[in-house]
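From first to last, the protein sequence lines stand for chains A and B.
Numbering of the first sequence is given in UniProt numbering, commencing with residue 1 and proceeding in unit increments.
Numbering of the second sequence is given in UniProt numbering, commencing with residue 1 and proceeding in unit increments.
There's no promise every hint is true.
[As the list claims (entries may be wrong)] What follows is a list of derived Cβ distance ranges for each label pair:
1) B/S52 <-> A/T110: 27 to 35 Å
2) A/E87 <-> B/P15: 29 to 37 Å
3) B/K97 <-> A/E87: 37 to 45 Å
[Said to hold, decoys possible] Derived contacts from chain B toward chain A, CB cut-off under 10 Å, selection only:
4) V139
5) P140
6) T144
I should point out that these hints are in silico values taken from the structure, not numbers from a laboratory.
Don't be surprised by glycine CBs; every beta carbon is placed ideally from N, CA and C.
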Amino acid sequence: MATKCTGLQAKVSRMLSKEFGKPILKPNKPLVLRNEVANRKLRQGEASCLTEMSVMMACWKQSEFNHAACAPEVQSFQRCTALALGERKAQMGQESSGQGGRLHPKQANTLLKRHPNLYREI
Amino acid sequence: VRWTRYNPYYLEPEPAKEVYRIPATELTDEQKAAQELKAVRPIKAAPPGLTSSVFSDPTVSKFVNMMMQDGNKVLAKSIITKTFESMKRKQVEKYHKAPATEKEVIECNPYTIFHQALENCKPIIGLISIQKGGKYYQVPTPLTDSRRRFLAMKWLITECRDNKHRRTHMYEKLSQELLAAFINEGNVIKRKHDLHKMAEANRAFAHYRWW
Numbered sequence: 001m002a003t004k005c006t007g008l009q010a011k012v013s014r015m016l017s018k019e020f021g022k023p024i025l026k027p028n029k030p031l032v033l034r035n036e037v038a039n040r041k042l043r044q045g046e047a048s049c050l051t052e053m054s055v056m057m058a059c060w061k062q063s064e065f066n067h068a069a070c071a072p073e074v075q076s077f078q079r080c081t082a083l084a085l086g087e088r089k090a091q092m093g094q095e096s097s098g099q100g101g102r103l104h105p106k107q108a109n110t111l112l113k114r115h116p117n118l119y120r121e122i
Numbered sequence: 001v002r003w004t005r006y007n008p009y010y011l012e013p014e015p016a017k018e019v020y021r022i023p024a025t026e027l028t029d030e031q032k033a034a035q036e037l038k039a040v041r042p043i044k045a046a047p048p049g050l051t052s053s054v055f056s057d058p059t060v061s062k063f064v065n066m067m068m069q070d071g072n073k074v075l076a077k078s079i080i081t082k083t084f085e086s087m088k089r090k091q092v093e094k095y096h097k098a099p100a101t102e103k104e105v106i107e108c109n110p111y112t113i114f115h116q117a118l119e120n121c122k123p124i125i126g127l128i129s130i131q132k133g134g135k136y137y138q139v140p141t142p143l144t145d146s147r148r149r150f151l152a153m154k155w156l157i158t159e160c161r162d163n164k165h166r167r168t169h170m171y172e173k174l175s176q177e178l179l180a181a182f183i184n185e186g187n188v189i190k191r192k193h194d195l196h197k198m199a200e201a202n203r204a205f206a207h208y209r210w211w
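Start from the sequences and build out the full structure, keeping to the hints where you can.
See the structure below:
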């Protein structure tokens, strides 16, 4: 661990120095790790139950919004929405528990808050 | 008095009488564990609307709570009881005037009328405002059951409060609206149909949803 640290410092200092031509890095902020991790963006999903909705709306247009005539389509739409809601809830529960070996960003942030990276002399 | 915030170890009160009538020998393991837990843990105070009577109806209680203003539950409950009474009177009058063939069709129970009317007023899809590319679009989306029930009750109450003559009482107007909604007529049903028509007109934007 200690040997790896010194090697990294040497590399960084060589990148910043002006002895070997122009410096590769020109940082405007100090090169220090933050005590936070960026929040992972949720996967963009598609709209659920679109086919059922379009079928129901076509039926409505045909029958002038007579709900009694469109009862089977309405029931299938409601079943589809119930299923989609259940799936989404299961997915949310699964995501918060474990993420394939990695930590959730919120959990990582709580840990880092407890053991922050000290870059200032207190 | 029920507090708003309780320690998580407080248990909920159990109003149903059937739970207490089961003899100790026929309890399942979960129920036995629950009974033992009740002996050790404190229990939250029962909310004022919670009863163990056979006449209590959760939908009616929800409706009373939504109609209540400034915490005056007594007034809201009295309005609802007067509504049910007036509905029953109207239906019984119709029943006695109808010929023998049509007598079975007329519904006299105000609770069934209330439930059926509410069911008829519930919208099936709703509109949600989604921002895309700087503009806001009204996107049709499915609604949860609680949201649909809330919308139906809200429409009924606002309709009865706004569109009534200065001298008609609230219970009178409510009974008229409920009886109209029971046969799929009236302003609330019209509002539901308008929402459905808007959703149907905006069906092209349905892909803007991501859930």
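Original post:
Which numbered hints are broken by the structure, listed smallest first?
Top reply: Violated hints (numbers, rising): 1, 3; every other hint is consistent with the structure.
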